[in-house]
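Student: Sequence:
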Amino acid sequence: MNPRLLAVRAGLSRGGIELRQTLTSPTDLITFVLMTGGFLAAMLSARHTLLPGTAVSLGTSRLVSVLALDVGMYAVLWMADRLVGDREDGTLLRAKAIPHGMLGYLVGKVVSISAQVLIAVAATLLAGAFLVAGLAIGSPGGWLTLAWVLVLGLLATLPLGAVLGSLFPNTRTTALIFLVLGGLAAISGIFYPITRLPVFLQWTGQVFPLYWLGLGMRSALLPHAMAVVEVGHSWRQPATVAVLLAWAIAGLVLAPVVLRRMARRESGSRVAARREKAMRG
Numbered sequence: 001m002n003p004r005l006l007a008v009r010a011g012l013s014r015g016g017i018e019l020r021q022t023l024t025s026p027t028d029l030i031t032f033v034l035m036t037g038g039f040l041a042a043m044l045s046a047r048h049t050l051l052p053g054t055a056v057s058l059g060t061s062r063l064v065s066v067l068a069l070d071v072g073m074y075a076v077l078w079m080a081d082r083l084v085g086d087r088e089d090g091t092l093l094r095a096k097a098i099p100h101g102m103l104g105y106l107v108g109k110v111v112s113i114s115a116q117v118l119i120a121v122a123a124t125l126l127a128g129a130f131l132v133a134g135l136a137i138g139s140p141g142g143w144l145t146l147a148w149v150l151v152l153g154l155l156a157t158l159p160l161g162a163v164l165g166s167l168f169p170n171t172r173t174t175a176l177i178f179l180v181l182g183g184l185a186a187i188s189g190i191f192y193p194i195t196r197l198p199v200f201l202q203w204t205g206q207v208f209p210l211y212w213l214g215l216g217m218r219s220a221l222l223p224h225a226m227a228v229v230e231v232g233h234s235w236r237q238p239a240t241v242a243v244l245l246a247w248a249i250a251g252l253v254l255a256p257v258v259l260r261r262m263a264r265r266e267s268g269s270r271v272a273a274r275r276e277k278a279m280r281g
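Numbered per the UniProt record's numbering, the sequence shown finishes at 281, counting up by one with no gaps.
To be clear, the hints were calculated from the coordinates, so they are not data collected in a lab.
Heads up, the beta-carbon is just placed ideally off N, CA and C, and yes, glycines get one too.
Any given hint might turn out to be false.
Simulated restraints on C-beta separations [to be verified]:
{"hint": "1", "residue 1": "138", "residue 2": "257", "range": "39 to 47 Å"}
{"hint": "2", "residue 1": "147", "residue 2": "85", "range": "25 to 33 Å"}
{"hint": "3", "residue 1": "199", "residue 2": "256", "range": "30 to 38 Å"}
{"hint": "4", "residue 1": "16", "residue 2": "94", "range": "15 to 23 Å"}
{"hint": "5", "residue 1": "25", "residue 2": "151", "range": "23 to 31 Å"}
{"hint": "6", "residue 1": "239", "residue 2": "27", "range": "38 to 46 Å"}
Produce the complete structure using the sequences and hints provided.
Tutor: This is the structure we're talking about:
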């Protein structure tokens, strides 16, 4: 059998194992509950406040936008954090030593983190559906839109997480990613319509995939009339596809280069030095 195909199959198996480990890890489950609970709290705090000019609450809009934040947080932050952690403990070095081991390693990470993203999105949407009104969840077209937004969103964000994980020196510095994502959420229309922000912040937010993820989610799950609070009073789905594809292509081109460079630098002595430094610290 083709060695690459074997590596992919091993990666799929590895992804399933990592997912089961995550779902049975108290630390990971607590992190998941706290993140999901925090997002739902932000939604509940505004469920009785109507967006100006609409009959839909700010809480409903936030709920749908938070689905984009689920994708961004898990795909970027968790991919980067786990890549750094595996580099520190020698997991990445062991994968490097196996023929096509890096391919299997990355397939496993993509499978496990993508599954976690889907679980987070489903949990947030299911809980929110019982707590807010106004979701347009009865349209097959809306669910189809949600599906392609999720696929493009993962393609745009997972490689970005891999690039950042290759560049950050240790797991402590990955906390900066969380802060950056929080800042982007504030200017990406996640918690309040982006059209209420100063123009320069609107343009800044639209550079990054998080805004377009949120816009795509809102176009899928909110009534069509809600487009009135968006830029240009439109869901701009062609632009959403174009921007997310552009980020996906850039990430898929850049990530393998950065990962190969990072993997070449790994050695047993570097892993041992990091362990010794961690024990001293």
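Student: Next step is simple, just say for each hint if it's right about the structure.
Tutor: Now for the hints, and whether the structure bears them out:
1. 138 <-> 257: 39 to 47 Å: Hint holds: Cβ distance 45 Å, inside 39 to 47 Å.
2. 147 <-> 85: 25 to 33 Å: holds, 31 Å
3. 199 <-> 256: 30 to 38 Å: About 37 Å separates the Cβ atoms of residue 199 and residue 256, which means 30 to 38 Å holds.
4. 16 <-> 94: 15 to 23 Å: holds, 19 Å
5. 25 <-> 151: 23 to 31 Å: Holds, since residue 25 and residue 151 (Cβ atoms, about 27 Å apart) stay within the stated range.
6. 239 <-> 27: 38 to 46 Å: holds, 39 Å
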